[in-house]
Structure formats: structure tokens, C-alpha cells
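> Sequences are here, hints too, so could you generate the full structure?
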Amino acid sequence: MPSITYREALNQAHVEEMERDDSVFLMGEEVGVYDGAYKVSKGLLDHFDDSQWRVRDTPIAEYGFSGIGVGAAMAGLRPIVEFMTWNFSFLAFDQVVNSAAKMYQMSGGQYNVPVVFRAPGGAALQLGSQHSQCPDPWYSNVPGLKVVAPATPRDAKGLLKSAVRDDDPVLVIEGELLYNTKGEVPDEDDLLVPIGEAEVKREGSDATVICHSKMVLQALEAAEGVLEEHGVDVEVVDLRTLRPLDVDTVIESVKKTNRAVVVEEGWPSAGIGAQVVDDIQREAFDWLDAPVARVSGLDVPMPYARNLEKLAFPSAPYIENAIEKVCYIEDR
Amino acid sequence: MATKEETPHAAGHRDLLDLPEEEHRDLLRQMMLYRRFEEKTAESYQMGKIGGFCHLYIGQEAVAAGGIPQLEERDHIVSAYREHAHALARGMSPETVMAELYGRVDGCSKGKGGSMHLFDRERNFMGGHAIVGAHLPIAAGVGYRIRYREEDSVVLCLFGDSVMNIGSLNESWNMAAKWGLPVVYICENNSYGMGTEIDRVAAVDELVDRACGYDGMHATAVDGMDVMAMREATDEAVRIAREEKRPSFIEARCYRYMGHSMADPAHGTYRPKDEVDEERENDPILSYLERLDDAGIVSQDEYDEMDEEVIDEVEAAAEFADESPKPDPEAVYEDIYSDAFPHGIDRRDGFRDALE
Amino acid sequence: MATKVVMAQLSPTMEEGRLVEWKLEEGDEVAQGDVVAEIETDKANMDVESMGEGVLRKRIVGEGETVPVGATIGVIGEADEDISDLLEEIESESAGAAAAESGGEEELAAAAEAGAEAGEAGEEPAGEDGGERETAGAPAAGAGGPSRGDGRLRASPVARRMAEEKGLDLSRVEGSGPAGRIIKRDVEEALERGAERPAAGAPAGPSPLREERVELSQMRKTIAKRLSQSIGPVPHYYLTREIDMGRALELRAELNERGDRSVGVNDLLLKAAAEALVRHPEINASWDGDAIVRHGSVDLGIAVAIDEGLITPVLRDAETKGLEQISRESGTLIERARERDLQPEEYQGATFSISNLGMMGIDEFTAVINPPEAAILAVGKTQEKPVAVDGELEIRKRMRVTMSCDHRVIDGAMGARFLDTFTAMLENPLEMLT
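Protein chains in written order, with our numbering: chain A, 1 to 332; chain B, 1 to 356; chain C, 1 to 434.
Keep in mind the hints are simulated off the structure, nothing from the lab.
By construction, the Cβ of each residue, glycine as well, lies at the ideal position given by its N, Cα and C atoms.
Keep in mind that the hints are not guaranteed to be accurate.
[To be verified] Quick partial rundown of chain A residues pointing at chain C, CB under 7 Å, derived from the structure:
# : residue
1 : Phe90
2 : Phe93
3 : Asn258
4 : Phe285
5 : Leu288
6 : Asp289
Take a look at the structure:
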């Protein structure tokens with residue numbers, strides 16, 4: 001199995017889907033001539049014979065081009081709309097939330113919107129508060145949307161391909177810090193990862209860490225840490241899709257381990273973790289051996305200073321701490 | 001620079017266009033239908049049969065009648081929230097529109113949309129959008145698809161004057177002009193964005209001048225109270241879109257006789273009653289009738305006869321709406337996603353328990 | 001530096017000693033190890049040896065006087081040393097039970113520090129009055145603490161579910177989680193030990209208890225030190241509770257009707273104590289200098305009056321025994337005690353004692369703790385009394401019990417919670433049998 005980067009995996013997904021279905025096109029800032037702000041769309045314009053209609057460079061006008069994506073999707077195309085980062089999507093929040101998410105219902109099921117919005121989310125390195133946000137819970141709150149947040153190259157490719165083929169609006173939350181990570185991706189044309197299915201990324205018996213996106217890497221690191229230090233065997237559940245949440249996989253794991261730590265990069269208030277904890281308490285109450293712990297980014301706008309940023313980011317040591325807590329291991 | 005043509009609002013009504021008599025009669029009847037439909041809507045609203053925000057079209061009939069019926073079947077319409085008449089003009093039946101206002105299953109959006117969200121896929125009637133300015137880029141997106149597929153259909157996008165000051169207008173027009181999207185943008189300038197007179201908030205004397213900033217965009221201002229002028233201007237804009245693949249802007253200068261919505265009085269604090277009365281002298285239906293009468297096409301008696309028919313038609317629509325069933329409780333989870341409503345979500349909200 | 005000469009504990013059972021004879025006059029020189037006085041213990045006459053050197057500066061206790069173990073009987077110091085502070089301190093110690101080892105300045109400072117620390121933690125430093133006030137805020141002993149501190153049983157949902165499935169009585173399981181929460185591993189361990197729910201009247205089964213050494217917190221050290229300075233090495237205080245014995249007596253009558261062996265009130269008291277101690281392992285404990293030992297079994301001392309005085313046979317592993325077995329074994333023990341037939345191991349090493357003078361017409365009294373036990377329960381007679389019940393006056397059979405507690409081990413609130421459980425057992429006697 002070839003090992004490629006998350007970035008290459010996404011690029012492959014674009015090429016494959018755009019070749020497979022001529023109603024698929026990519027639009028966004030710098031996606032064409034510039035090869036993509038993060039080079040995800042590298043070579044696409046050339047690959048599609050310089051067709052501006054297939055690979056469309058837009059002005060900096062998030063509201064406008066995301067609305068164009070919605071309209072084109074209503075009219076039967078399958079646009080992939082790239083925001084340079086999710087932080088810029090807030091200029092287009094209305095189009096995502098009020099137009100894309102509502103159209104199918106307010107038209108009584110007549111106009112579905114098969115659009116994909118994709119961008120990197122969360123913190124990268126010292127980008128400051130306005131460029132370091134996690135939109136995950138905000139969009140996951142909205143009925144009518146589907147939200148995926150792949151952690152590995154394989155999932156990135158498989159989920160993006162599924163998102164393109166989905167008949168409803170799907171948001172793909174990528175990670176700037178993930179683009180260069182490598183992983184094995186099966187060399188097959190139709191690698192599809194179903195939307196709405198979590199995956200156990202590491203099997204374990206003592207506690208379940210539920211996470212997604214970048215946090216999967218942190219959780220796997222924390223799992224090795226507590227194994228070495230305390231012999232605690234952690235199961236890591238990668239949600240992969242944030243809406244709809246795969247509650248079954250979470251519950252199955254928690255029933256097995258009796259302990260759960262829910263991790264997300266974003267802020268704690270009304271976060272993804274809050275929803276997961278709610279599902280756990282409702283569906284696995286009688287299996288819990290400890291209160292469910294949460295790990296999240298600190299409840300502050302992301303500061304610029306390197307040391308403060310590191311502090312505010314929910315890295316593996318925070319997760320290890322939480323695992324120790326739910327396993328009743330004394331604080332270090 | 002955009003091409004700009006002037007047709008001043010105060011210039012009075014044009015002569016009748018050279019159309020078959022039957023077509024003139026139909027246009028008049030259309031406008032009469034919109035008027036009676038909205039009057040019935042107001043009545044039903046007051047009886048509590050219609051809820052929520054409900055914006056009436058009375059006074060602006062010439063825009064819908066002059067701009068919509070002549071479109072081809074393959075063309076598209078994307079509208080805002082004062083769109084009952086647009087739907088009727090597009091050929092949607094008064095029954096399905098009224099049933100939608102009533103929130104019933106036979107409504108054009110199955111009762112899920114309401115007054116502000118009328119849709120009819122069969123007729124390419126693409127809403128019914130209630131966020132001011134949001135549908136301008138959506139219309140451009142439909143235009144994108146037309147160019148993408150190298151088709152010759154066009155998109156008609158209707159909105160009110162308050163949109164002239166919103167950012168999405170610039171973003172949409174800029175891309176539509178730059179990429180050559182076949183969209184006809186029609187601003188129904190009824191002078192008031194809710195209660196705010198457009199002159200108080202727009203830093204431009206003539207709204208049509210806004211289009212000057214977009215190369216290749218055709219722009220014109222017309223008397224939106226004159227169905228003939230409206231028709232002529234729209235035909236030209238549609239031709240440009242269809243043949244020349246570029247967008248247009250029509251500022252249709254019109255007037256709304258009713259309040260902004262059913263929650264408002266007809267004039268209120270923001271405009272004098274005299275002004276409304278004065279504008280009523282310029283009623284788009286009556287002034288058209290006058291010319292048709294002069295031309296010997298429609299007499300007052302014929303008009304009265306047509307009026308009876310139209311009243312019967314909207315009464316029947318209201319009756320139909322009243323008898324249409326309310327949506328089944330199970331329908332609450334339908335039409336949110338193209339596939340099944342996600343299990344993980346519907347089992348956490350206690351819906352089934354509450355039903356039992 | 002001046003040192004105290006104290007009434008030393010010279011036998012395992014010695015609580016007090018009589019000073020038979022001073023071997024030195026005030027002013028006599030004394031070297032370490034010199035015999036200072038002769039003491040009569042409960043067993044024999046013994047010599048008290050000096051722990052310091054210098055001269056005997058002061059005889060505190062006169063010949064023939066009896067003082068509790070740990071009380072200061074004299075002071076040794078340099079000939080010209082000013083011992084007035086020390087004498088003042090000794091005098092200020094509460095009457096008859098004074099005790100202090102070496103009240104050095106360093107330790108006092110440490111105690112103050114500990115007190116300050118405790119204060120910072122939002123808890124008052126232990127005072128010497130031994131009342132409820134300073135103990136109410138004390139934590140119910142960290143991780144290994146009782147899971148029913150506030151009267152409710154703390155257990156994780158999965159622990160509850162497993163216990164229900166396996167028929168395990170969680171009240172018999174000690175929680176190792178925060179605030180004594182019973183967690184999955186506790187249930188698993190309990191199941192491994194086979195602590196299933198016993199049938200009525202059947203033996204209670206294997207002991208759920210484990211011997212355990214609980215490290216001393218600073219607060220605990222301070223409480224121990226300060227209270228020991230105050231009223232002797234075993235700082236007593238007393239908690240009294242009146243118990244409604246109506247249902248217990250009914251139950252006894254019922255049991256006696258159908259059983260072939262007669263069950264006495266005493267047997268019910270023993271059973272109730274055993275059950276309550278399982279639920280409050282912090283009472284079934286001993287002071288051990290640098291730690292508190294929680295015992296791995298409930299060994300009940302039963303105070304028995306004999307002609308020569310008092311002896312306390314021990315009912316071993318009471319927590320594993322059913323009422324019938326308790327009744328049978330305690331009967332035998334008491335009988336053999338009266339016949340002076342007991343071996344030393346049969347009257348030594350109890351973890352908790354009960355002294356019942358009810359049959360001798362005593363309404364209520366206080367008993368003296370038998371170290372290293374941390375508590376003794378003094379039982380008065382059951383008598384009919386008018387009692388207000390739901391606003392109505394009723395005649396009820398009431399019994400008063402007074403528990404003497406070692407304050408180094410048991411704080412007021414801890415003792416009160418134990419008595420609460422003990423009372424509940426007797427007032428709802430079926431609960432302790434099922």
C-alpha cells in the first residue's frame with residue numbers, strides 16, 4: 001500500500017472525482033493558477049485542460065462564491081468549494097447555514113444541494129486568534145449539513161470522495177498541520193469512506209478516547225504514554241464524521257472500557273465533546289465507571305506567543321492526564 | 001462600463017406594445033389575479049389561517065407580469081420573500097401557493113417553506129429566499145451551471161431595493177460580470193426597505209448607477225408601474241443574457257401600497273398616507289386597463305367580469321388550502337437530507353417518546 | 001532540656017497505673033535508665049525508668065495516686081533550669097488525664113504549621129475540645145475512605161449494575177475511587193473474594209475487609225498531637241445516642257420462637273456492631289504512631305464482669321458470621337470467661353469493644369478505651385420511655401449507648417456516622433440480617 005501525504009490524498013480525490021463525474025468542479029481562492037493556498041489542488045487546472053469552469057479561481061469573496069456553489073448545486077452541478085481556511089468561511093456562514101443547509105427542507109424536498117465545502121480548520125502554528133479556530137461544533141449544530149473531519153490520508157481521500165458523491169451539503173474539515181502527515185492509502189479507484197461511520201483507530205480495554213481530526217494523532221500518542229507509564233490500554237475512537245455522529249461505535253467502545261475521555265481541538269463550551277458526553281451518559285450510563293472526562297482547547301482566543309499557543313492547544317499530555325483521571329490513577 | 005439606459009419613472013406610461021389582444025388580456029388578468037390573491041392572503045392572515053412573516057405584492061404587479069410570463073420553460077427564477085406573485089406569474093397554481101401559505105401538505109413546498117419559501121422544481125422556480133441578499137449569488141450559481149453546460153437558458157433574480165446596499169450584491173455582480181453569467185437581476189425599487197426610504201441609506205442617487213462598476217453588465221431603469229415598459233426592458237435583458245452571455249440589471253421603479261409585511265400598517269410612521277394615496281393614482285392595473293379600454297381591447301364590463309372570475313379563482317384556492325391536510329408528524333424528519341434522517345440525531349431528541 | 005516522666009504503658013491492657021513509691025526525692029540526680037518510681041499495673045508492680053538525665057525537679061503525682069497511662073508524673077531537668085513553663089503546661093492539661101511527651105518548641109512549631117496548612121485548605125485545625133466543630137469539615141479519608149460518608153452509597157453506574165447482576169451487596173464493598181466511590185475494580189475484587197449477599201440468618205460469608213495502613217495527613221498528625229497533649233495518649237471523647245429497641249426486641253422474640261437457640265439483645269448488639277464496622281472501616285482501626293491501621297477483620301471485645309474484675313473475650317471475624325453463630329460463639333466465650341478458662345489470645349487483640357451494663361440497671365455510662373482499639377461502646381439498659389413520635393406521645397423501648405472514641409483516629413463526625421449506621425441496624429434489624 002503506498003504511503004502518501006494527507007495533501008496528496010485530497011488531491012487524488014479531486015482528480016478522481018472530477019474525472020469520474022463531469023458535474024464536479026472546484027472553486028475557491030487560489031485553487032487554480034496558484035495551485036492552491038495549501039497546494040491541495042496542485043496541478044488540477046493543468047490536468048483539466050486549463051478549463052476555468054472546472055477549476056475556478058475566485059476573487060476574495062467568500063459570501064459570493066459559496067452562494068454560487070449553492071446555486072450551481074441546486075441546478076445540478078457538484079461544486080467543491082474551497083475556503084482558504086474555515087476562518088474565512090464565517091464570511092459565508094449565511095450561505096452554508098441558511099442556504100445550503102435549509103434548501104432541501106424549505107423547498108419541501110425539491111432542491112437538494114450537493115455541494116462540498118472544504119478547508120483546513122483549527123490551529124496551525126502561531127497564526128494568531130483569527131486564523132486558528134475550530135468551526136467543528138458550530139457547523140455540526142446545523143440540521144441539513146453533514147460534517148466530516150478526517151485524521152488520516154486514507155480517511156481524507158475516502159471521505160472527500162464520499163462527500164462529493166453525497167446529495168447533501170457536506171463540510172470537510174481538514175487540518176493545516178495534517179497536510180504533510182503521511183499514511184497508507186489503498187491504491188484503488190473507488191476508495192470511499194462512508195459518511196457517518198466512526199473508526200476504532202487503536203483497540204484497547206481500559207478507557208476510550210473519543211476524538212477526531214488532529215486530536216486522533218494526539219490521542220494515539222497519549223495512548224502510548226499511559227501504556228508505558230501505567231500499563232493502561234486505551235482504545236481510540238476516531239469519530240471521522242461529526243454530523244451525523246456515529247453514536248453506536250462510541251457507545252460500543254465505552255460499554256467495553258467503562259471509561260471515556262472526549263477530546264476536541266476546539267473550545268469546551270457547547271463543543272463536540274459536550275454532545276458526545278451527552279450521548280454517552282444517555283446510552284451507556286449503566287456502563288460508566290467514572291465521570292466522562294473532556295479535553296479541549298483552552299477557553300481562550302488562540303494567543304500568538306509560541307509558549308501560550310502550545311499551552312492552549314490540547315496536546316497529548318492533557319489527554320494522558322484525563323485518561324489517568326478516568327482510570328482513577330493519582331495525579332502525577 | 002456597463003451600458004445604461006434611462007427610462008425615468010415619472011415619464012408616464014408608454015404606448016401599448018404590439019402584442020396580440022389575447023396576450024394583453026392575459027397580462028391584465030394576471031395582474032388582477034396577483035392583486036386578488038394578495039387581498040385574499042391578507043384576509044386569511046387576519047383570520048389566523050396564515051402565520052409568520054407575510055409580505056404582500058399589492059402595487060408591484062406590473063413587475064411580475066412584465067418580467068416573468070414571457071420566460072422560456074427552461075429558464076430559472078430565483079426570488080426573495082415578497083414572491084407570491086412571482087410564483088403565480090411563473091405558472092404555479094394559486095392552490096399550491098395558497099396551500100403553502102396555509103402550511104399544508106399540498107403547498108408547493110409541502111408546507112415546510114411558508115410564504116417566504118415558495119419552490120417549484122418543475123417550473124425552475126428556485127425560491128423564495130428570506131435572507132436579504134443571499135439569493136443573488138445563488139442566482140449567479142445557476143448562471144454558472146448554464147455556462148458550465150453551455151446552455152442558452154437564463155436566470156431571473158428578483159429582489160428589493162434594500163439589497164442595493166448589501167455586500168453580496170457586489171460579490172455576485174462582480175463574478176457574474178467577470179465570468180459572463182446569464183443572469184437578469186431585477187430590483188423592485190418600491191422606495192422602502194421595510195420602513196427605510198432608499199434615499200436615506202444609499203450613497204447613490206440612481207440605483208441603476210450601481211451597475212456602472214461592472215464591465216459588460218447591461219443596466220437600465222424602468223417604470224415598474226408600467227407592465228409594458230417592464231416587459232420591454234426584461235425582454236431585452238433576457239436576450240442579452242441568452243445571446244451575449246452577460247448579466248443585466250433592471251431597476252424597476254415601483255411602489256408598494258401595503259405595509260412591509262402583514263405586521264405593518266399600510267403607511268405607518270415612515271411615509272405619509274398622502275404619498276400612498278398619490279401613488280394609488282398610478283395603479284399599475286388600472287392604468288393598464290385604461291389604455292386597453294382606450295384601445296378597445298378590454299372594456300370596463302369585461303374587466304368586471306374578469307374580476308369575478310379571478311375572485312372565484314382565489315376563493316377556490318383558499319378553499320383548497322383550507323381543506324388540504326396538515327403535514328403528518330412523521331414529516332418533521334423528512335426532506336432534511338436526501339437520504340434517511342440520521343439515526344444518531346433523531347434518537348437523542350425524544351421525538352418518538354413525545355409522540356407516544 | 002527538661003523532660004517529663006510519664007505513666008508508662010507497661011502491659012498491653014494497661015490503661016492506668018498507681019504510683020506505688022517514688023524512688024527519688026526532688027533534687028536527686030538521675031541518669032538515663034535510672035529507676036524513678038515503682039508503678040502498679042493491672043498485672044504487676046513495675047519500675048519506671050528515666051528517659052532523660054539531670055535531677056528530679058518535680059514530683060507531680062503523689063504516692064498512692066492513680067493516673068492514666070501517659071499522664072505526667074514528674075519532671076527531670078538541669079538543676080538550675082527554669083521549668084515553670086513546662087509546669088504550667090502540665091497544669092493546664094485537663095484534670096486527671098494529662099499527657100504530653102516532649103512538648104519541644106520544634107514540634108509545636110510544626111504543629112502550628114500543620115494547623116495553618118489545614119486552615120488554608122479550608123478546614124480548621126483540630127482543637128482540643130474534641131467536639132464536632134473541627135471534625136465536621138475533615139475529609140472522609142481520601143481514596144480508601146468510606147463510600148457512605150454522607151449516608152448515601154457512592155458507586156459508579158457500572159459498579160451498581162454489576163453488583164445487581166451478581167447479587168452483590170455494595171454496602172459490603174469498600175470503594176477505592178474518589179470520596180470512596182465504589183468502582184468496577186472494587187466490585188471485581190469483591191466478587192473474586194466471593195462476598196456474595198448472604199441469606200438471612202446464614203453466615204455473613206468471607207470478610208470484605210482488608211488490613212490497611214492509612215498514612216497520616218498533617219491534619220491527622222496535628223489532631224493526634226494536640227489532643228494527646230491535652231488528655232493523655234488516648235484522647236477520649238464521647239458520643240451518646242438513644243436507640244429505639246422496639247423492633248429489635250420483636251425480632252429477637254420472633255427468632256427465639258422459631259429457633260432452638262435463644263438470641264439475646266447482646267447478640268443483636270454484636271451483630272449490629274459488626275455490620276456497622278464493615279460499613280465504617282475507619283472506626284475498626286488503631287493508632288499506630290505514624291499511621292492509622294485499619295483492621296482486616298472485625299474482632300469484637302465483649303466486656304465481661306468477673307469476680308476479680310473485668311475481662312474482655314474477643315469474638316473473632318465477627319463480620320463473617322451470622323447472628324446465630326455470633327450468639328453461639330459469644331455465649332461460649334462469655335461462659336468460659338466467667339470460668340476464667342480463656343487463653344491470652346482469646347482476650348487480646350480486639351478491634352472494637354462493647355461493654356454492656358444494662359443488665360445491671362445502668363441507664364448510661366462511659367467506658368474507657370482499651371488500646372490499641374480506637375473505640376468502645378458502653379450500653380445502658382433498655383427501658384420504656386415516653387417518646388414523641390410524629391407529634392404523638394408513645395411509650396417506646398429505648399436504650400442509650402455511648403461510644404468512647406480515640407480522637408487521634410476517629411473524629412466526631414466519623415463516630416457520629418458510625419453510630420447512625422449502628423442505630424439504623426438496630427431500628428431496622430432485618431436489614432442487618434439480610
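> Now tell me, hint by hint, if it's right for this structure.
Now for the hints, and whether the structure bears them out:
1. This hint is violated: A/Phe90 has a C-beta 40 Å from the nearest C-beta of chain C, more than the 7 Å allowed.
2. Using the Cβ-Cβ criterion of 7 Å, the hint placing A/Phe93 at the interface with chain C is not satisfied: the shortest such distance is roughly 39 Å.
3. For A/Asn258, the suggested interface contact is upheld, since its CB lies about 5 Å from the closest CB of chain C, less than 7 Å.
4. Interface restraint check for A/Phe285: the shortest CB-CB distance to chain C comes to about 5 Å, inside 7 Å, so the restraint holds.
5. Against a cut-off of 7 Å between C-beta atoms, the interface hint on A/Leu288 holds, since the closest Cβ of chain C lies about 5 Å away.
6. The beta carbon of A/Asp289 is positioned within 7 Å of a beta carbon in chain C (closest approach about 4 Å), and the interface hint is therefore held.
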